[in-house]
Amino acid sequence: MTTSAIEAEGLVKEYPGEVRALDGLSFAVEEGTVFGLLGPNGAGKSTAVRILTTLARADEGSARVAGHDVRAEPARVRSAIGVVAQRGGPDRDATARENLRLSGRLHGLRGAALERRIDELLDRFGLTEAADRIVRTFSGGMERRLDIGLALVHRPRVLFLDEPTTGLDPEVRADMWQEIERLGRDEGITVLLTTHYLEEADRLAADLAIVDRGRVVASGSSDALKRELRGDAVQVELESELNGARAGLDRVGGLREVTIDGRTLRARADDGARAVPAVLAALDSNGVGVASVTVARPSLDDVYLRYAGRTFGEADAGQAPSGAGRAATASHDQMEDNR
Amino acid sequence: MTALAHTRYMTATHLRQLWRQPWWIAVSLVQPVIWLLLFGALFQSVADLPGFGSDDYIVFLAPGIVIMTAFFSAGWTGMGLLEDLDRGVTDRLLTSPISRPALMAGRVAQQTITMIIQSLIMVGIALLAGASFANGVLGVAGLIAIAALISAAFASLSLAFALVARKEETLIATLTFLQLPLSFISSTLMRPELMPGWMESLANFNPVEWAVEAGRAAALGEGGFDIVVTRAGLLAGFAAVGAWLALKALEKYQRSL
Numbered sequence: 000m001t002t003s004a005i006e007a008e009g010l011v012k013e014y015p016g017e018v019r020a021l022d023g024l025s026f027a028v029e030e031g032t033v034f035g036l037l038g039p040n041g042a043g044k045s046t047a048v049r050i051l052t053t054l055a056r057a058d059e060g061s062a063r064v065a066g067h068d069v070r071a072e073p074a075r076v077r078s079a080i081g082v083v084a085q086r087g088g089p090d091r092d093a094t095a096r097e098n099l100r101l102s103g104r105l106h107g108l109r110g111a112a113l114e115r116r117i118d119e120l121l122d123r124f125g126l127t128e129a130a131d132r133i134v135r136t137f138s139g140g141m142e143r144r145l146d147i148g149l150a151l152v153h154r155p156r157v158l159f160l161d162e163p164t165t166g167l168d169p170e171v172r173a174d175m176w177q178e179i180e181r182l183g184r185d186e187g188i189t190v191l192l193t194t195h196y197l198e199e200a201d202r203l204a205a206d207l208a209i210v211d212r213g214r215v216v217a218s219g220s221s222d223a224l225k226r227e228l229r230g231d232a233v234q235v236e237l238e239s240e241l242n243g244a245r246a247g248l249d250r251v252g253g254l255r256e257v258t259i260d261g262r263t264l265r266a267r268a269d270d271g272a273r274a275v276p277a278v279l280a281a282l283d284s285n286g287v288g289v290a291s292v293t294v295a296r297p298s299l300d301d302v303y304l305r306y307a308g309r310t311f312g313e314a315d316a317g318q319a320p321s322g323a324g325r326a327a328t329a330s331h332d333q334m335e336d337n338r
Numbered sequence: 000m001t002a003l004a005h006t007r008y009m010t011a012t013h014l015r016q017l018w019r020q021p022w023w024i025a026v027s028l029v030q031p032v033i034w035l036l037l038f039g040a041l042f043q044s045v046a047d048l049p050g051f052g053s054d055d056y057i058v059f060l061a062p063g064i065v066i067m068t069a070f071f072s073a074g075w076t077g078m079g080l081l082e083d084l085d086r087g088v089t090d091r092l093l094t095s096p097i098s099r100p101a102l103m104a105g106r107v108a109q110q111t112i113t114m115i116i117q118s119l120i121m122v123g124i125a126l127l128a129g130a131s132f133a134n135g136v137l138g139v140a141g142l143i144a145i146a147a148l149i150s151a152a153f154a155s156l157s158l159a160f161a162l163v164a165r166k167e168e169t170l171i172a173t174l175t176f177l178q179l180p181l182s183f184i185s186s187t188l189m190r191p192e193l194m195p196g197w198m199e200s201l202a203n204f205n206p207v208e209w210a211v212e213a214g215r216a217a218a219l220g221e222g223g224f225d226i227v228v229t230r231a232g233l234l235a236g237f238a239a240v241g242a243w244l245a246l247k248a249l250e251k252y253q254r255s256l
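Chains as they are written, first to last, in numbering that gives the first Met the number 0: chain L, 0 to 338; chain E, 0 to 256.
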């Protein structure tokens, strides 16, 4: 039996005058892995992190972190975790070194051992030069790196990263991804990552849980989740509308879930590349020209659509009509369910 | 022990924050000095009123202004906390093993230490402006100790209020509303004997008045030592209530998350 670093069981949290932020959220994170909680803004991810880090209390349900019950033994949990909240948290009027020192002292580190650890972290996060500068003068990326350093001073067993790359430039985000990969690989600590970026979860998390409206709607490794969709997405752009003449398409072996929307034909196939010639032949025999064909491995987007019943972009934009895609939600990022 | 050590770390952190804002130190010193000199000049002839007692208004005024400054600036303690709440600093600290009381006590201690330094400077300026303190160095020490008590009390209340209101505007409005009435319904500027009767009775319930009476008794020897002791007791109780409220408010804040 593998031990779980985090176990959440039926967590419920309701805020006065609002819908349930958490509605029976359950998941488990295996020790030493990077686990992703993926969901749109307002899905309840930050609320879950607040409960697991002892900041907030669940109305119902229970949770254990690093072997300790968050409600019964909050002090033990706090000693075992590092937290990088979505909205930062370094003291901006202090230097990087002073921030690290305070964090270490609150965790009971002292003297030379603490100073060594501080230098180590400054070096590791590329902040040695900026060590004695006031954090207010830092760039967004530097501040976020310091934030992670603060959470690591005491060598926690479990690290919580709540939306670690929200609000960062794409370049800085790529750096941050490398940093998080390194954490999981080198330090062997358990990482719980929340994100509303599909590609982030796909890249960083070995296992993930898809959260929608305060519940886990699907979980597993991202490959397994995608595999469950069984097959590639085949999309064909037609030169003219098909007028319902699907004759022939139904007979193409392995082709399923055929939908036609205007000039776009979508289907699923176990082996997309093999299905394409047959699809083209069937269309040709109907006298329909083809403008383009794409075959794609299933993405987490598809997974999300299937389990949450809406596209990720829609959910993220607060169920606005599709078209308000992920780019439009960047401005909402900072306002995510912070209370 | 942990609570004490954590309080020390937090106090040092907040003191450092203050040192890095020199304009704030300047402003917080200039204002009481202006009061001292302005009120001292404006109300000079008050000392000529029959029944006032002292010959020199500035002698009467100086201890009052020390108390007034302590209580005014303590009221703003919650502002720093609101900024930390807004930036997520407080939430980060709450997920660390920090002692909860230390989170509040660090700010109260910083405010009170700053106030003690401020008071010493003000006493110096008051002496230059012609004031005198009949009870000498010990009397001044007593005055500052009383000022520290009221500072701790109002700093705690300010933190409690900030945690409940959670908006800078609300804190500012409340302070603006309370500060002057609380000062005027006390003998900060005027002898209680010369106040209207209703004001004098109201003043008995005003912690600012307790502090002013005790501070003046300590520094000038007016009213005797038992005034110092009884009022200090009342203030200590008031400060304890403030500290308790601050801790309750922190719990309430965390429950709202």
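One or more of the hints may lead you astray.
Stated by the list, open to error - Partner residues aside, some chain E positions facing chain L, computed with beta carbon under 10 Å:
1) 16
2) 173
3) 225
Unchecked claim - Chain L regions said to be covered by chain E (calculated; three or more residues, Cβ under 8 Å):
4) 48 to 54
5) 68 to 81
6) 272 to 286
Simulated from the structure, these hints should not be mistaken for lab results.
For glycine and all other residues, C-beta sits at the position ideal for the given N, C-alpha and C.
Status of the hints after comparison with the structure:
{"no.": "1", "hint": "16", "result": "holds (4 Å)"}
{"no.": "2", "hint": "173", "result": "violated (23 Å)"}
{"no.": "3", "hint": "225", "result": "violated (44 Å)"}
{"no.": "4", "hint": "48 to 54", "result": "holds (count 4)"}
{"no.": "5", "hint": "68 to 81", "result": "holds (count 4)"}
{"no.": "6", "hint": "272 to 286", "result": "violated (count 0)"}
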